[in-house]
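Enquirer: Whenever a hint applies, use it, and build me the whole structure from the sequences.
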Amino acid sequence: MGKFNNIPELWGTENYYEWCRQTKQLLLGQGVYNHVSNGMNLFNYVKYTSTCPRPLILSAPMIVEQEALKMWFKDDSVAKSIILRKINSSVLTLIPDNISITAQEVWNMLTKLYDRSNVSLQFSLCAQISTFQMKGAADAKKYVVLHTHANDRLACMGAKPLEADMIYALLQGLPRTGIWPVIHKNIETELEHSEQSIRMMLPGFFNAVLVTLHQHAASPVIRMYTFKHTTQMIIKEAMQMMSESSAPGPGSEYASAAIQGG
853 MGKFNNIPEL WGTENYYEWC RQTKQLLLGQ GVYNHVSNGM NLFNYVKYTS TCPRPLILSA
913 PMIVEQEALK MWFKDDSVAK SIILRKINSS VLTLIPDNIS ITAQEVWNML TKLYDRSNVS
973 LQFSLCAQIS TFQMKGAADA KKYVVLHTHA NDRLACMGAK PLEADMIYAL LQGLPRTGIW
1033 PVIHKNIETE LEHSEQSIRM MLPGFFNAVL VTLHQHAASP VIRMYTFKHT TQMIIKEAMQ
1093 MMSESSAPGP GSEYASAAIQ GG
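Each residue of the sequence shown is one higher than the one before, counting from 853 in the working numbering.
Hints were generated in silico from the structure; no laboratory data involved. Errors might be hidden in some of the hints.
Label pairs and their computed distance ranges (CB to CB) [unchecked claim]:
no.: 1; residue 1: L946; residue 2: M1094; range: 25 to 33 Å
no.: 2; residue 1: M1091; residue 2: A920; range: 51 to 59 Å
no.: 3; residue 1: E957; residue 2: K987; range: 39 to 47 Å
no.: 4; residue 1: L965; residue 2: F925; range: 39 to 47 Å
no.: 5; residue 1: S929; residue 2: L965; range: 17 to 25 Å
no.: 6; residue 1: L936; residue 2: M1052; range: 25 to 33 Å
no.: 7; residue 1: I951; residue 2: V898; range: 22 to 30 Å
no.: 8; residue 1: T945; residue 2: Q1084; range: 42 to 50 Å
no.: 9; residue 1: Q874; residue 2: R906; range: 30 to 38 Å
Quick reminder that beta carbons are idealized off the backbone N, C-alpha and C, glycines included.
Expert: Written out as structure tokens, the structure reads:
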């Protein structure tokens, strides 16, 4: 039972993403993820789809072919039992009660039912992101995780926000007390400077660069400001505040700016 503890019970679209992610991890751990994946790259062993072996002569399979078939169906049964283990009874009724149905067929059926990457769900997620608020330094890691998780869900739907949009959304939920407004302003200013540098260095390609910002982060000429960099900076400042439990000291990147700003 222990290995299933991290998998939530699937009961609909709302928790499909979390159920899917945790179930994939268990399938990988048991060595049967190939039975639900759809990879076509023969050299990607982890994701390459495992299909049922086909005997050369269907009516008279050789012993080695029979053993391969038995092993495949055994592994497929393991994969199917993992998938079905944490499914709500109402959802389970939608799965055909047929012993011959494969793990891949069950997986695809659940994906079709609940992995709804529709526009309304995307708008719902974007609206949810705009409501995230960080309560204080102690809440920084949780706040960052909420944003990261929501952005990952949008990415899975093929609607990942631009780096700049993710950063601005992250900044909007920062506290409006203490040093946080200064941190907000400084990060915002650095992002604007980064965008201006891109415009000057790569005229005509600004929009394309923003979309693939993270792919150019190693550029020696332009300092790209990414969502990941912003989250790291926020957590760093929060940890500094908690360790000092007072006004920011010299270890803080924005301490001097905060002092100058009053």
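Enquirer: For this structure, which hints from the list above don't hold up?
Expert: 1, 4, 6
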